[in-house]
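*Asks:* As a plain string of letters, each chain reads:
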Amino acid sequence: MIINSRFFNRSELMGFIALAAVLFVILPLTLDVFRLNLVAKYLTYAFVAIGLVLCWGYGGILSLGQGVFFGLGGYCMAMFLKLEASSVENTKIQSTPGIPDFMDWNQITALPFFWQPFHSLTFTILAIILVPGLFALIIGTAMFKRRVGGTYFAIITQAVAAILTILIVGQQGYTGGINGMTDLRTLKGWDIRPDHAKIILYFVEVVLLFACIGIAQFIRLTKLGRILVAMREQEDRVRFSGYSVANFKIFAFCMAAIFAAIGGAMFALNVGFMSPSFVGIVPSIEMVIYTAVGGRMSIFGAIWGAILVNFAKTSLSESFPQLWLFGLGALFIAVVLAFPNGLSGLWADYVQPRIDRLFASRKAKADWADNSVADGAPAE
Amino acid sequence: MSDEANKGLLSPLRRKLLMGMAAVPAITMLPRASFAQAPATSAVNTTGLAVTDTEVTVGILHSATGTMAISETGSIQAEKLAIEQINAAGGVLGRKIKFIQEDGASDWPTFAEKAKKLLVNDKVAAIMGCWTSASRKAVLPVVEQYNGMLYYPTFYEGLEQSKNVIYTGQEATQQILAGLNWIAKEKGAKSFFFIGSDYIWPRTSNKIARKHVENVLKGKVVGEEYYALGSTQFNSVINKIKLTKPDVIFTDVVGGSNVAFYKQLKAAGVDLAKQPLLTISVTEDEIDGIGGENIAGAYACMKYFQSLDNANNKAFASAFKKMWGEKTVIGDVTQAAYLGPWLWKLTVEKAGSFDVDKIAAASPGVEFKGAPEGYVRIHENHHLWSKTRVGRAKLDGQFELIYETADLVEPDPFPKGYQ
Chain G
1 MIINSRFFNR SELMGFIALA AVLFVILPLT LDVFRLNLVA KYLTYAFVAI GLVLCWGYGG
61 ILSLGQGVFF GLGGYCMAMF LKLEASSVEN TKIQSTPGIP DFMDWNQITA LPFFWQPFHS
121 LTFTILAIIL VPGLFALIIG TAMFKRRVGG TYFAIITQAV AAILTILIVG QQGYTGGING
181 MTDLRTLKGW DIRPDHAKII LYFVEVVLLF ACIGIAQFIR LTKLGRILVA MREQEDRVRF
241 SGYSVANFKI FAFCMAAIFA AIGGAMFALN VGFMSPSFVG IVPSIEMVIY TAVGGRMSIF
301 GAIWGAILVN FAKTSLSESF PQLWLFGLGA LFIAVVLAFP NGLSGLWADY VQPRIDRLFA
361 SRKAKADWAD NSVADGAPAE
Chain R
1 MSDEANKGLL SPLRRKLLMG MAAVPAITML PRASFAQAPA TSAVNTTGLA VTDTEVTVGI
61 LHSATGTMAI SETGSIQAEK LAIEQINAAG GVLGRKIKFI QEDGASDWPT FAEKAKKLLV
121 NDKVAAIMGC WTSASRKAVL PVVEQYNGML YYPTFYEGLE QSKNVIYTGQ EATQQILAGL
181 NWIAKEKGAK SFFFIGSDYI WPRTSNKIAR KHVENVLKGK VVGEEYYALG STQFNSVINK
241 IKLTKPDVIF TDVVGGSNVA FYKQLKAAGV DLAKQPLLTI SVTEDEIDGI GGENIAGAYA
301 CMKYFQSLDN ANNKAFASAF KKMWGEKTVI GDVTQAAYLG PWLWKLTVEK AGSFDVDKIA
361 AASPGVEFKG APEGYVRIHE NHHLWSKTRV GRAKLDGQFE LIYETADLVE PDPFPKGYQ
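One line per chain: the protein sequences are G and R, in this order.
The opening position of the first sequence corresponds to residue 1 in the working numbering, with each subsequent residue numbered one higher.
The opening position of the second sequence corresponds to residue 1 in the working numbering, with each subsequent residue numbered one higher.
Hints were generated in silico from the structure; no laboratory data involved.
Computed from a prediction, not measured in an experiment: that's the story for all the values here.
Do not take every clue at face value.
[What the hints assert, rightly or not] Ranges of calculated distance between the beta carbons of each label pair, as one might list FRET restraints:
| id | chain 1 | residue 1 | chain 2 | residue 2 | range |
| --- | --- | --- | --- | --- | --- |
| 1 | G | 151 | R | 55 | 54 to 60 Å |
| 2 | R | 96 | G | 320 | 43 to 49 Å |
| 3 | R | 270 | G | 33 | 52 to 58 Å |
| 4 | G | 194 | R | 239 | 34 to 40 Å |
Don't be surprised by glycine CBs; every beta carbon is placed ideally from N, CA and C.
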C-alpha cells in the first residue's frame with residue numbers, strides 16, 4: 001500500500017483499482033467467451049494508447065504512424081504462427097508443401113531467408129520488441145536529430161504508414177498482400193482457437209497490460225518524465241539547460257513503438273489474423289482518436305478510451321449496420337469539441353472534485369471523531 | 001311452449017355440435033398437415049442452431065459501408081429478395097426465414113468478427129456473405145472452427161474447397177477458359193496483354209490465363225501489369241498497349257479503378273470496336289460507374305447477364321426491380337448471391353435437417369431449376385456447374401449475349417496443369 005500510494009497518487013490508485021477490478025474480475029465473470037475475446041481485441045489497442053500518452057500526451061510528439069509499429073509487432077507474431085500452421089501435413093494440397101499458403105499462390109517455391117528465423121519462438125519474441133524498436137530508433141534519430149518536429153513529424157510518420165502498407169500489399173508473395181495472414185492456429189502446438197485458450201490469452205494480455213502501465217507510470221514519475229513534460233511546454237529552455245532534447249524524444253517515441261508492437265502481437269494471438277488494414281493511415285489516426293477521446297494526459301483515461309471507442313464501434317455496427325459510421329463520427333466530434341481533455345478530463349473536472357469533497361468531509365469527520373476520543377483508540 | 005323452450009336450448013347446442021362435427025376432419029387434418037410441413041424442431045436441429053417451430057435464422061454478412069459497399073449492395077438486395085420469395089412460398093421445412101444483417105465494413109477482420117458473432121452468439125443456420133477473396137479468407141477459419149455454412153457469391157480464384165462453404169460464383173477456370181477459347185477462335189487472337197489489380201484474384205486468374213494462352217492456344221502474352229487497388233493512373237500501361245498492339249487486352253481490374261481505366265483508354269484513342277478487350281471483372285454494376293459510352297464494344301466473360309432471355313431471368317429481374325427500384329442493375333455476382341438462399345433451402349429440404357454436417361453432405365447434386373442463369377447444380381467440390389457466357393457491352397450499360405458454352409462447365413478449383 002505504501003509503495004503504491006507513492007507510485008500512484010490517490011486518484012490514480014483508484015483508477016488502477018477500478019481498471020484491475022473490471023478487467024480481472026467483472027468482465028471475465030459477466031461476459032461469455034465471444035465477448036471476452038472482443039474485449040481482448042480492444043485491449044490490444046490500449047497498449048497503443050499507453051504509448052501515445054507517453055509520447056504525445058507527455059512528450060508532445062504527435063505520431064500519426066502508430067499503426068506501423070502495431071503492424072510490425074503483429075506481423076512478427078503472425079509470421080511465427082503462420083509458419084507453425086503451414087506444416088507439411090497441413091499444406092499437402094499445395095504445389096510446394098510446407099510453406100505458407102499465400103506464397104504457394106504466388107508461385108514462390110522456397111521459404112524466403114527472412115522468414116527462416118521465425119521458426120523460433122525466442123527469436124520471434126525478441127523481434128516483436130526489437131524490430132519496431134529499432135525502426136522507431138532510425139526514424140526518430142533521422143527526424144529529431146535534425147530538429148524536425150510538430151506537424152512535420154506527424155506528416156512523416158503518416159507517410160511511413162502509407163509506405164509500409166504499400167510495401168505489404170505489393171509484396172504479397174512474402175507478406176500475404178491485402179488478404180494478410182489468416183488461419184493462424186497454434187502456438188508451440190497449443191491451439192489458440194478454442195474457448196479455454198481465449199480465456200488464458202485474455203488473462204495473459206491483461207497481465208501484460210498492467211506491466212506496461214507500470215513501466216509507463218515509472219517513466220512518468222522519474223526525472224525523465226518531468227523532462228518530457230518540460231520539453232513539451234518549452235523545448236528551447238530544456239535545450240538551453242543542457243539536455244539533449246533529441247535523445248529524450250527518441251526514447252519516448254521508441255517506448256511508444258514497443259508498446260504498440262506488444263499490442264500488435266497480442267492482436268495476432270487473440271484474433272488469429274493480421275492484415276495491412278491495421279498498418280495504414282486510417283487505423284493510425286483511429287489510434288490517436290481514441291487516445292484523445294479517453295484523454296491523452298492520463299494513462300487510465302486513454303485505456304478506457306481505447307476500450308469504449310472500440311466497444312462503441314462493435315455495438316453500433318451490430319445495431320445499425322447502415323448508419324453506424326455516422327454515429328461514431330458524431331461521437332468523436334462531440335467528445336473533442338465539448339471535452340478537449342477527453343473522458344479523463346471530464347472525470348477530473350466533474351467527478352473527482354465530488355469524490356474529493358466526500359473524502360474531505362469524511363476525513364474532517366474522522367479527525368473530529370479522533371479528537372473526541374480522548375484516549376486515541378483508533379476507530380476501526 | 002315447452003317445445004319452443006326445448007328448441008331454444010337445443011338449437012345452440014345443435015349448432016355447436018354441428019360445428020364441432022364439421023371441425024373434426026379439419027382438426028385431424030391440421031396437425032398432420034403441419035407435421036408434414038414442419039417436422040419437430042428437435043428432429044431437424046440437433047446442434048442447437050437458431051431454429052424454432054416457426055422460424056429459422058440466417059445471417060447476411062456483407063459490406064454496407066466502406067469502399068466495397070457499392071459492389072456488395074447488390075448481393076444484399078438479391079439475398080433479401082430470395083429470402084422474401086422463399087418465405088412467401090412457405091419457408092423452409094415449414095419455417096419462415098428470419099435474417100440478421102451484419103456489416104463487414106469493407107474491413108476483413110471485421111468480417112471475421114461478425115462471422116463469429118453470427119455463429120457463436122446468434123447461432124445462425126447459414127451465412128450468406130462475403131464478397132472479396134480477402135474477406136472470405138478471413139471468414140473461412142471461423143466458419144470451419146464453429147462449423148457454420150457459408151454461401152459465397154463472387155467469382156473467385158479457386159485453389160480452395162471447404163466442407164463449410166458453397167461457392168455460388170464461378171472459380172477461375174470456369175470463368176476464363178471458355179472465354180479465351182472463344183476469342184481466340186472468333187478473332188484469331190494470338191497475342192494477349194494482361195492488366196490486373198494487384199491482389200490474389202487477378203494474379204491467379206492471369207496465371208491460369210497465361211498457361212492456357214501459352215500451352216493450349218499456342219499464343220503469346222506480350223505484357224502483364226498490375227496496379228494497386230484503387231489506383232487511377234493507367235496512362236503508362238495504355239502507352240505500352242499502343243506499342244505492343246496485342247490482339248486482345250485481357251483485364252481483371254476491380255472496383256473504382258475501372259472507371260479511370262476505361263476513360264483513359266478511350267481518351268488515348270483506343271477504340272474498343274477495333275481493339276478487342278476481354279474483361280472478367282466488369283459487370284452491369286461496374287458499367288453504372290464507368291458509363292456505357294466508355295466501355296461499349298468490350299467483351300465480358302461471365303455466367304450471367306441481366307439481358308439473358310429466359311423465363312426465370314425475366315421473373316427474377318422484374319421481382320428485383322419491383323423490390324429495389326426500376327433503376328437498379330443486376331450483375332453477375334448479384335445473381336449468384338440470389339442463388340445462395342435458394343440452394344440452401346433446397347439442400348435443407350433434401351437433407352430434411354438444418355444440421356450443418358447433413359447440409360454439407362447433402363449439397364452435392366442439389367439442383368436449382370429456377371436459377372436466373374438457367375440451371376445450376378452443386379458439384380461434389382461444393383462449387384456450381386454453370387455455363388460460361390461472353391457478352392458485348394452496349395451503350396445503355398447492358399450486355400448483348402454473344403456466346404455461351406453448349407454445356408455446363410465443370411468447376412475445377414485445383415486445375416491440373418494450371419498451377
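*Asks:* Measuring from beta carbon to beta carbon, are residue 194 of chain G and residue 239 of chain R in 34 to 40 Å?
*Replies:* violated (55 Å)
*Asks:* Holds or violated: 43 to 49 Å for the Cβ distance of residue 96 of chain R and residue 320 of chain G?
*Replies:* The hint (43 to 49 Å, Cβ to Cβ) is violated, given that residue 96 of chain R and residue 320 of chain G are roughly 24 Å apart.
*Asks:* For the range 54 to 60 Å, tell me whether the beta carbons of residue 151 of chain G and residue 55 of chain R fit it or not.
*Replies:* holds (56 Å)
*Asks:* Starting from the range 52 to 58 Å, see whether the pair residue 270 of chain R and residue 33 of chain G falls in it by beta-carbon distance.
*Replies:* Given a distance of about 57 Å, which is inside 52 to 58 Å, the answer is holds.
Taken one by one, the earlier hints fail for this structure at numbers 2 and 4, listed in ascending order.
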